[in-house]
Amino acid sequence: MYLTRNEEAIFNGEYGEIPQKAMKALVKVGEVSGANKLVRVNHVHISGISYFNIGDPGIEFLEGFADAETKFATYTTANPYAILVPYRNKRFSEEVILKQSKIIRALTRMGAKAFTCAPYYIRRPSVGEHIAWAESNAVLYANSIIGAHTNREGGPLAFFEAIVGETYFSGVHLYDGRIPKCYVSVEKPANYVESALLGYKVGETCPDRIPYVEGLANVSESWLRAFLSAFGATSGAPMVVIEGVTPHYRKLFSDSGLKSKIFVSLSPEELSFTKGSRSPEDAVYIIGCPHLSTKEIVGIINYVLNNCPKRSNESKELWLITGPYSANAVYRYENKLRDKGVRLLYNSCPVVTRLDLLGIKYVITDSGKALYYLPKLAGVRALIKDRSVILKEFCGGR
Amino acid sequence: MKKSYRVKEVISLGTGRGSIVCGLLLPSAEPISYLGDIDPKSGVLHGNEVLADKILVFPNAVGSTVGSYVIYALRKYNKAPKAMVVNSEDPVTIIASIISEVPLYKLIDCQARSLVSYKGCRACIKEGELIIET
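Each protein sequence line maps, in turn, to chains B and A.
Counting in this note's numbering, the first sequence tops out at residue 398, every number present.
Counting in this note's numbering, the second sequence tops out at residue 134, every number present.
Mixed in with the good hints, there may be bad ones.
[Said to hold, decoys possible] Straight-line distance between alpha carbons at most 20 Å, and here's what the computed DMTMM-like set of lysine to aspartate or glutamate pairs gives:
1) K21/B / E9/A
2) K76/A / E63/B
3) K37/B / D90/A
4) K37/B / E8/B
5) K8/A / E31/B
6) K41/A / E60/B
7) K106/A / E31/B
[What the hints assert, rightly or not] Partial selection, computed: residues in chain A whose CB lies under 7 Å from chain B:
8) Y69
9) Y72
10) V92
11) I94
Worth flagging that the hints you see were computed from the coordinates, not collected in a lab.
All C-beta atoms in this analysis are idealised placements derived from N, C-alpha and C, irrespective of residue type, glycine included.
Please put together the full structure from these sequences, using the hints given.
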């Protein structure tokens with residue numbers, strides 16, 4: 001791999017042990033990925049933030065770097081952390097709360113600007129910009145909707161990229177790496193949850209290749225996010241070329257030479273279980289995976305304030321989850337919403353939280369991604385329903 | 001009797017030329033998902049294989065990228081293997097090797113699964129060779 005003089009100096013330890021370690025990691029991964037050089041990035045997004053995922057050794061790792069006065073060399077954001085609020089009469093131990101805050105503090109000291117899985121609402125990259133993001137839904141959004149360039153990075157690797165301020169130049173950073181290899185046609189989804197389920201199925205159809213997808217041209221941004229985040233749960237591809245949406249989609253398609261398409265649709269059973277299934281009495285309703293945009297959360301709050309009755313403390317709860325970018329627009333409704341059993345949660349994520357330790361057994365969500373990961377990571381069972389069905393059901397409309 | 005296989009050094013961690021890594025061989029025929037397959041506190045793979053001081057041979061890693069932290073945790077709990085030897089190196093394993101200071105090697109002309117019968121044999125890695133005392 002070609003290294004500039006400055007990169008070589010970092011590699012040889014002239015700037016100290018920590019940048020050397022980070023550079024070494026980057027160069028090795030680059031070599032394996034067939035990169036011939038490194039490229040400057042304007043935004044790094046780190047994953048692996050929840051105490052439940054990285055544990056005590058993860059804290060030690062991050063604090064070790066922070067204590068050595070490590071500073072990120074480029075604009076850096078990070079994934080959300082565990083939800084630490086109490087549920088009914090249960091709360092996490094002081095130890096868990098303290099340890100999660102240690103992780104947050106270490107990353108903030110090094111320069112992390114925000115904790116959210118939607119870094120594109122914090123700093124929107126431009127078309128063709130090189131960035132290095134972990135967190136699959138963000139990677140898919142950046143490549144497929146914005147037309148920025150990022151590989152699907154892992155947590156500690158993105159951390160090293162933040163220290164160096166560069167990434168390895170391969171994969172979707174190159175034009176050739178963005179050419180689709182799998183041709184899929186879908187029927188236009190009718191709502192949010194159908195978009196999510198289609199994403200899930202297209203991911204299964206193209207588990208390791210970038211698909212070209214037709215049928216989503218006039219779908220809202222919100223539904224595209226539902227599609228992409230669910231796609232990321234079942235496919236490792238960092239990008240979906242969406243007809244009518246992805247910058248340069250025409251050229252990418254014609255350069256692919258793809259001819260035969262695979263039709264992906266939802267079966268009648270799949271369509272019905274998003275509406276019909278009965279919700280368990282003790283379920284928690286969660287909307288906000290990926291984090292709600294300000295527009296989405298304001299719309300939901302308006303609906304709830306106009307349609308939901310007041311509740312006693314012990315009845316159903318709806319959690320709305322968003323990033324720091326929505327706080328100004330919504331925090332003033334917190335008390336009113338609390339009376340209706342609705343909780344606003346910021347910068348945190350149910351999927352990386354051991355919800356079972358709070359006594360939660362079931363979650364009802366509109367997210368295909370959450371449906372996939374909640375049972376694996378959060379220790380709860382999950383049901384998927386459309387956003388409008390969840391709101392109606394929660395407010396007692398049926 | 002000694003069997004020898006060519007290996008390429010991927011991450012040496014400053015052990016330098018002429019260095020030798022030795023331990024008992026722990027081969028796995030299947031890829032390893034660090035998050036899930038390894039319990040870092042007990043230092044055990046697949047519920048019954050002790051990793052500490054072994055030379056761990058496997059085809060490649062699969063699963064979550066948080067997996068790098070699992071190998072790092074093994075180091076912190078003093079349960080880390082002496083070395084990892086793979087058929088194909090992936091970003092998660094490379095990062096795991098660097099942050100955990102477990103040297104990483106790549107098998108050049110043999111599949112990890114073909115070494116399964118040498119489980120528990122004493123083995124050393126030196127000068128580009130994995131030497132197994134059978």
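field: Evaluation of the interface hint that places Y69/A against chain B, nearest CB under 7 Å
entry: holds (5 Å)
- request: Using Cβ atoms only, decide whether V92/A comes closer than 7 Å to chain B, and label the hint accordingly.
  value: With a minimum Cβ separation of about 6 Å from chain B (threshold 7 Å), the hint on V92/A holds.
query: Can we keep the I94/A interface hint, with Cβ of chain B closer than 7 Å?
result: holds (5 Å)
message: So if I understand the rule, the pair passes when the alpha-carbon distance is 20 Å or less; does K8/A with E31/B pass?
response: Holds - the C-alpha atoms of E31/B and K8/A are around 14 Å apart, at most 20 Å.
message: Let's test the interface hint: is any C-beta of chain B closer than 7 Å to that of Y72/A?
response: Interface hint status for Y72/A: holds (5 Å vs cutoff 7 Å).
message: For K106/A and E31/B, compute the direct alpha-carbon distance and say whether it is at most 20 Å.
response: Given that 20 Å is the threshold and the Cα spacing comes to 14 Å, the pair holds.
Restraint status (C-alpha distance of K41/A to E60/B at most 20 Å): holds (15 Å)
field: Proposed proximity, D90/A with K37/B (alpha carbon, max 20 Å)
entry: holds (18 Å)
- prompt: Are the Cα atoms of K21/B and E9/A separated by 20 Å or less?
  reply: Roughly 17 Å between the alpha carbons, so the hint for K21/B and E9/A holds.
message: Holds or violated: K37/B and E8/B, Cα atoms, limit 20 Å.
response: holds (12 Å)
message: Hint check: K76/A vs E63/B, CA-CA at most 20 Å. Holds or violated?
response: Holds, because 14 Å separates the two Cα atoms, which is no more than 20 Å.
Hint check: no violations occur; every hint is consistent with the structure.
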